[in-house]
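Enquirer: Taken in sequence, the protein lines are chains B and E. If you're matching positions, the first sequence starts at 715 in my numbering and goes up one per residue. If you're matching positions, the second sequence starts at 496 in my numbering and goes up one per residue.
Hint data in this document are derived by calculation from the structure and do not stem from the laboratory. Glycine residues also receive a C-beta, built at the ideal position from the N, C-alpha and C atoms. Some hints could be false.
[What the hints assert, rightly or not] Chain E is faced by these chain B residues, among others (derived, beta-carbon under 7 Å):
| hint | residue |
| --- | --- |
| 1 | M796 |
| 2 | P800 |
| 3 | S803 |
| 4 | V955 |
| 5 | A964 |
| 6 | T993 |
| 7 | G994 |
| 8 | T997 |
| 9 | I1005 |
| 10 | G1026 |
| 11 | P1028 |
| 12 | M1047 |
| 13 | K1049 |
[As the list claims (entries may be wrong)] What the simulated footprint calls covered on chain B by chain E, stretch by stretch (three residues with Cβ under 8 Å from a Cβ of chain E suffice, anywhere in the stretch; the number is not a length):
| hint | stretch |
| --- | --- |
| 14 | 804-814 |
| 15 | 1086-1098 |
| 16 | 1120-1130 |
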Amino acid sequence: MVDRRLGVTKKLVFLVAMLWQVGVLAELRIDITQGVESAIPIAVLPFAQSAQGTSAEPGIDQLVTADLQRSGWFALTPVESMLNRPYKSEDVDYRDWRLLGAEAVLIGQVEMVAPDRFDVRFELLDAVKQQRLAGARYSSVAKSEMRRLAHVIADQVFRQLTGIDGIFSTRIAYVTTTNGRHELQVADIDGYNPVGVLTSPEPIMSPSWSANGRELAYVAFDQGRPAVFVQELSTGKRRKVAQFRGINGAPSWSPNGQELALTLSKDGSPDIYIMQLATGKLTRLTDHYAIDTEPAWSPDGQQLYFTSDRGGKPQIYRISRHGGATTRVTINMGKYNADASVSPDGKYLAVVNNSGQNGYQIGLVDLQASQLTPLSSGRLDESPSFSPNGRLIIYTRTQANSESLAVVSIDAKVRQQLALQQAKVREPAWSPFSQ
Amino acid sequence: MIKNLTLISALFAGVLLAGCSTTTGPGVDSDAGSTATGSDVYGSSSAATSGTGMDTGFSSLPLDSIGGGAGGEIGSKTIYFDFDSYHIQAEYQPVVAVHAAYLASNPTARVNLQGHTDERGSREYNMALGERRGDSVANLFLAAGAADNQLYTVAYGEESPVADCHDETCWSQNRRVVIEYTAQ
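Just chain E, same shape as in the assembly (with noise of 0.2 Å):
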């Protein structure tokens, strides 16, 4: 009983002994977020401090600085689907079809597809809807003329909602792929 004590003891010294640095220790190989250690046991500050995570290394350009003669579509960067669906409705065809020319036309152009649902079923396998979502994007540009290396999915599952209630009218509106540009 008193080893065992003794055990649970030495594990605690452990943590506060962590608290008093807040430097984040060898072997961290990012710093897309910061760790933080224990120092908030005790109610001290907390030792997190802010993460770098929204640098993507790219500097992303508005669309509407894209010419080529896509002035009706210009905002219409984000495609909708049906619950647990990732097939594009013939409504998107359009908005499809315009990046889809610009990119085959400028070689050096680069998107993001991001790849979101909404909250319903689990996180993991809403991530992998949302990958879904974008690649079905993807093979429609591919299809189109634009190159694989111009393409980027990045799911994000039900992570990043951008509207925040619990019926229909919030969920279909983060059911969607947004095409972001990382250069032009």
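Here chain B stands alone, though its shape is the one from the complex (with noise of 0.2 Å):
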């Protein structure tokens, strides 16, 4: 149970509309085109509730039943079949639940301790081999939190079940775009909970998270000329650190987040630099009359990944943190391919790929093998971004008469769309796991 890992072929389409609660801003809404078919079987039950009051609006056994169906790796038993339901694992009669099927069980309490205040408790059993995975007791959870708290169970519940970290409690960056009125926001990866981070009437472009997920550099227009600024999210303060003549764009957090990679073009052509930071020295990392832009750090922070036409169309290339020579990634994937993310292992990047003739997709090259997989069929998809366990691939799709976010599994076989209505979506940027 625990070793089951997926390892399937064919395709399991289900459809799960979900319309969220609308808050100020509009919430992302999340559809589930495409999900694994050997899925999990697992059992959430309703949490048990303390008489004096409720937690919540949906219940944390709600929040994290949505996560998983969301996944695309989980068959949730209906609610409706469950003939009992305890919340002590010594309560639990394993035959019945494998009788529904289920080789999966999260069962749970919320108590109400304080008024605003509650103590979580969960457990998930094997039902096969009848015993306990995982379990923890939180205290004094306010009203406010229960919702992240559930996002943090379901990182567990994935953990446990699948080998595989769990994404639900990161968050995405993403550019809406309304009536020429540009935001900047960050959403929960479910969609909730949207801030706005930054609005401006001119364009807003490349959010680049901070490696402790705590801050955000992005391009933004200044006077009507574009700089590289620097925002944490917790207090909105904001810093200008780069605004030179020409293009001040694509900005990369390092890994150590220190840097800042980005692509300048004040001495005459589109290069890439580094920034530290803390001083704003510069270092001009390649030297080239063609474009050199949209600068990825491997994991390690030694290398950087970046776009340049400099052999005639725009490919990727690789060159040392300290300079030097270059070398050519994309080889035989293609007449296009840029704006490269690299995966948290450093052994894959996506990118936007056009093969020949059939418009901008998303790609994912093996550097090992040097080898490109094509990820997504559309025709102009792009602003490609890892997920922080490296498993999902968030992207930007245009389609008739929307941009909308979509989410493809590194398999192909995990696929998602979130549309927000009203609004054109795009640029979006994972954010590192929460620390």
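Assembly of the complex is requested from the two constituent chains, each provided in isolation within its own frame, with the hints serving as guidance.
Expert: Shown next as structure tokens:
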């Protein structure tokens, strides 16, 4: 059970349209368009509530259910078919759950301990081996923290049952455009809690997370000219770190959090520079008359991948963080490759790829095998960004009259669509794991 | 486990706290856009105020106020490009010539050369391509006698399309350099 991995080829399509409550900022609506076939059967029981009052609507068990369902990895036992609803492992009769086909059972309890304070307990059980796989108790959790706690629990369930770190408590940054008004927002990965970071009548581009997830770098126009800003999310405090003549673009935060790679054309042609954030000191990394842009760090911080048209058309190249010779990475992978996102293990790149006449798709580059696999089938797909567990890629899809976000797993088996009503949404950047 | 959650709670509390204020905080060195904080989380009104980013610091003049016998080309402030190219085609040479002559004979005139692309391909690469297009026009102006300090290229890439559809009918309109006079 614990060792179960998914290795399926056929697609199971189940559409789960979830319309969330509407806040001040419209929330992303997530549709699962494709999941894995041999989904793990799990029963998530309604958590027992204390009589004094309820913790939140929807409840923790409903939020965990939604997370697991959205991941495409699980088949959830319908609550209506549950004959009994124990909330402690000693009260569980495993035969009941095996009869319903569940291999894993999640039970728990929410107890009010003070006004707006709750103790939460959960246990994840293996119905086949009849043993507890995980469990925890959280003291004095505020109602406002319940949603985040549910994602933390879902992350643990996912980790236990798949062997992969869950991403339910991560966030995304993205840019929306409505009637010429641009807004940089950050939301939970399920689309909830959208928070405005910046609004502007002029373009906002290229959000990049700091390694600790507390700051964003981005490009915005200031006095009619592009500039790179760094902004602390909790306070909204921001500073302009680059506004030289020409392009100030494509910021990419280094893994150690101390540096920003960026594109500047102040010396004539767009080249890659590294800025020490503490001092503003710039080091020029590339020096070529061609376009060099879109730097992306390797996870060890020792190399950078970037886009260059030095060979005629845009392709991905690699250079040491100390400069020197460049190596072309995308060879025989189509006529156009740009905007690389590096997987957390450093083994893959997600790129914008044009293989021929069918427009631009997201491609997965296996660096060791030097092979590209197409992961999407749109005509105008762009802006790929890896999830921190390396299993998913979020990107922008442009269709007839909409720009929306889509998620695809690196094995192309799970697909989700994230749409925002009445607005274009683009340039997703997946946060690191929360610390 | 409990320790972990406390950390998360603290982070969350920080967001809430920040949400109480609508000020942008110290260290904000620009108001081109406004910064907003976390008050949206719980449905209170957005902290964002409208930006002042449209103010370029210059006063734009309509081109038809420019004299010099350029009557026939008035309105031709835009030069269009082929896909993924920054080569200026022969048909636009007369437009370039009119503006170049005006700049050469009016040393106080200033232009922004706004370089745009269509939506295809990556956004930052398109920023660079937009700059290339603006610089191509600038180079022709310089060759015709305009001075470097009269010209300023601003790359917009694919961020400011004039036509909003997803085929060549719109793309061809969006691949452009717009000559914007900021001083006469």
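Enquirer: None of the hints should be skipped; say for each whether it holds.
Expert: Now for the hints, and whether the structure bears them out:
At its closest, the beta carbon of M796 of chain B sits 27 Å from a beta carbon of chain E; the interface hint therefore is violated under the 7 Å criterion. About 22 Å separates the beta-carbon of P800 of chain B from the nearest beta-carbon of chain E, more than 7 Å, and the hint is not met. A cut of 7 Å between beta carbons decides the hint on S803 of chain B: the least distance to chain E is about 17 Å, and the hint is violated. Nearest Cβ of chain E to the Cβ of V955 of chain B: about 10 Å, over the 7 Å cut. The hint is violated.
At a threshold of 7 Å, the smallest CB-CB gap from A964 of chain B to chain E is about 4 Å, leaving the interface hint in force. Because the beta carbon of T993 of chain B sits about 16 Å from the nearest beta carbon in chain E, more than 7 Å, this interface hint is broken. Proximity of G994 of chain B to chain E is violated relative to the hint, the smallest CB-CB distance being about 13 Å (cut-off 7 Å). With its C-beta approaching chain E no nearer than about 20 Å, T997 of chain B sits outside the 7 Å limit, and its interface hint is violated.
The criterion of a C-beta within 7 Å of any C-beta in chain E is met by I1005 of chain B, whose closest approach is roughly 4 Å, and the hint holds. For G1026 of chain B, the suggested interface contact is broken, since its CB lies about 10 Å from the closest CB of chain E, more than 7 Å. About 5 Å separates the beta-carbon of P1028 of chain B from the nearest beta-carbon of chain E, less than 7 Å, and the hint is met. For M1047 of chain B, the interface hint is violated, since its Cβ never comes within 7 Å of a Cβ in chain E; the closest pair sits about 15 Å apart.
Contact between K1049 of chain B and chain E, as hinted, is not supported at the beta carbon level, the nearest pair being about 10 Å apart and thus beyond 7 Å. Only residues whose beta carbon comes within less than 8 Å of a beta carbon in chain E count, and the stretch 804-814 of chain B has 0; fewer than three means the coverage is violated. Counting residues of the stretch 1086-1098 of chain B whose beta carbon lies closer than 8 Å to any beta carbon of chain E gives 4, which meets the minimum of three for the stated coverage. Counting residues of the stretch 1120-1130 of chain B whose CB falls under 8 Å from any CB of chain E gives 0; the rule of at least 3 is not met.
Comparing the model with each earlier hint shows violations of hints 1, 2, 3, 4, 6, 7, 8, 10, 12, 13, 14, 16; every other hint is respected.
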